[in-house]
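J.: Taken in sequence, the protein lines are chains Y and X. Count along the first sequence starting at 1, add 6, and that's the number in this note's numbering. Count along the second sequence starting at 1, add 20, and that's the number in this note's numbering.
Since the hints were derived computationally from the structure, they do not count as laboratory data. In this text the structure is predicted, and so the values were computed from the model without any measurement. Glycine included, every Cβ here is placed at the ideal spot set by N, Cα and C. Hints should not be assumed to be uniformly reliable.
Taking lysine-lysine pairs in the DSS-like style, the calculated list, with each CA pair at most 27 Å apart, reads [stated by the list, open to error]:
no.: 1; chain 1: Y; residue 1: 41; chain 2: Y; residue 2: 23
no.: 2; chain 1: Y; residue 1: 109; chain 2: X; residue 2: 107
no.: 3; chain 1: Y; residue 1: 100; chain 2: X; residue 2: 22
no.: 4; chain 1: Y; residue 1: 41; chain 2: Y; residue 2: 16
no.: 5; chain 1: Y; residue 1: 109; chain 2: X; residue 2: 22
no.: 6; chain 1: Y; residue 1: 16; chain 2: Y; residue 2: 109
no.: 7; chain 1: X; residue 1: 22; chain 2: X; residue 2: 107
no.: 8; chain 1: Y; residue 1: 100; chain 2: Y; residue 2: 23
no.: 9; chain 1: Y; residue 1: 95; chain 2: X; residue 2: 22
no.: 10; chain 1: Y; residue 1: 41; chain 2: Y; residue 2: 100
no.: 11; chain 1: Y; residue 1: 100; chain 2: Y; residue 2: 16
Per the computed footprint, the stretches of chain X lying under chain Y, defined by three or more beta-carbons under 8 Å from a beta-carbon of chain Y, are [said to hold, decoys possible]:
no.: 12; segment: 64-76
no.: 13; segment: 111-122
Partial pick of chain Y residues on the chain X-facing surface, computed with a CB cut under 10 Å [stated by the list, open to error]:
no.: 14; residue: 52
no.: 15; residue: 55
no.: 16; residue: 57
no.: 17; residue: 60
no.: 18; residue: 62
no.: 19; residue: 82
no.: 20; residue: 83
no.: 21; residue: 88
no.: 22; residue: 94
no.: 23; residue: 97
no.: 24; residue: 109
Chain residues, written in single-letter form:
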Amino acid sequence: MYVILVGGGKVGYYLTKQLLEEGHEVLLIERNAAKVENFVERFGAVALAGDGAEAATLASAGAARADVVIAVTGDDEDNLVVCQTARQKFHVQKTIARVNNPKNEQLFRLLGVDVTVSQTNFILNLIEQSIPDRPFLHLMSLRHADLAIVEARVSGTSVVAHKTIGEIDLPMDCVIAAISRGTHVFVPSGTTQLEPGDDVIAVTHPREEDELRRLLCEECYP
Amino acid sequence: MKVVIMGCGRVGARVASNLVNNGHDVSVVDTDSRAFRRLPHDFRGDTIIGTGIDEDVLRSAGIEDATAFVAVTNGDNRNIMAAQVAKTIFRVPEVICRIYDPVREDMYRRLGLFTVCPTTTISAMILDHVIGAGSTLGSET
């Protein structure tokens, strides 16, 4: 694969190293000429001094034949424009942006960036998952399908406690995929009754997450 | 009319004070509080410290009720991103974005942003004057 990286910080450095080791063709674009020299000294002629958001720089990097353009500078606005330029001007099939402000993930995808990576969100998720007894966990996002997998614990006061799945008025675009009860994990049917303390694993549209949370564990988020 | 202006440089400050003098409700956003010194001392608009590419900052500047958003910081990419936030997230009816780089300006104009490119405009005016009216408008140096 031909990979163009924009941003020669630590993320750019380790990506370059790793991708080269995996046998990919890599070109790193970095504004700071001194940093470019370091890259060239370390990895050979794989770095180019210039502004990756400028079409001329991307053109001399051969963006038109790049399989993927990855923007990993510390500035979200630069990463956005790099990806949009790569897509609009050079028809790059896949663009990936590092997102520093986690709130920008959604915006970037709305504006045509294929993949966003937010370290902040990633670390937040890890912290959330390692807190025991959190009653509602976002396990993962299935971006291209716009779906999320969540885990929720049924509380004693929940309106769904002691009801069968068939009786529950689940939000649209939401299914209960599995139930974890004690040491037993099983796929429920319409007649399965939910008990307080059950961990429910559901596949849901992100906009239904709050509704699902209310339904299953109302008192945890008053 | 409510207008949010991002970037309190010479252009931002001038546009802001002009609009206020014409009776409009104006908020100016800049990352540097010292930039607000460019505004007249009796400026009656709001000043907000922060970056206009942050939705929360824009919200506190009142973008949800704004009729127009003007992005005139010195960073092309910052202006481009903020303008797209204003347009796609907040659906501001009039979004104006300054882009110095003519190539970038051309691309984002095609993508539907209302753009102003000082580089092409000023170059064209100078060339007009030097070579003669009408002969070079819109062409690159």
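J.: Honestly, which of those hints from before does the structure not fit?
T.: Of the numbered hints given earlier, those the structure breaks are 3, 9, 13, 14, 15, 23, listed in rising order.
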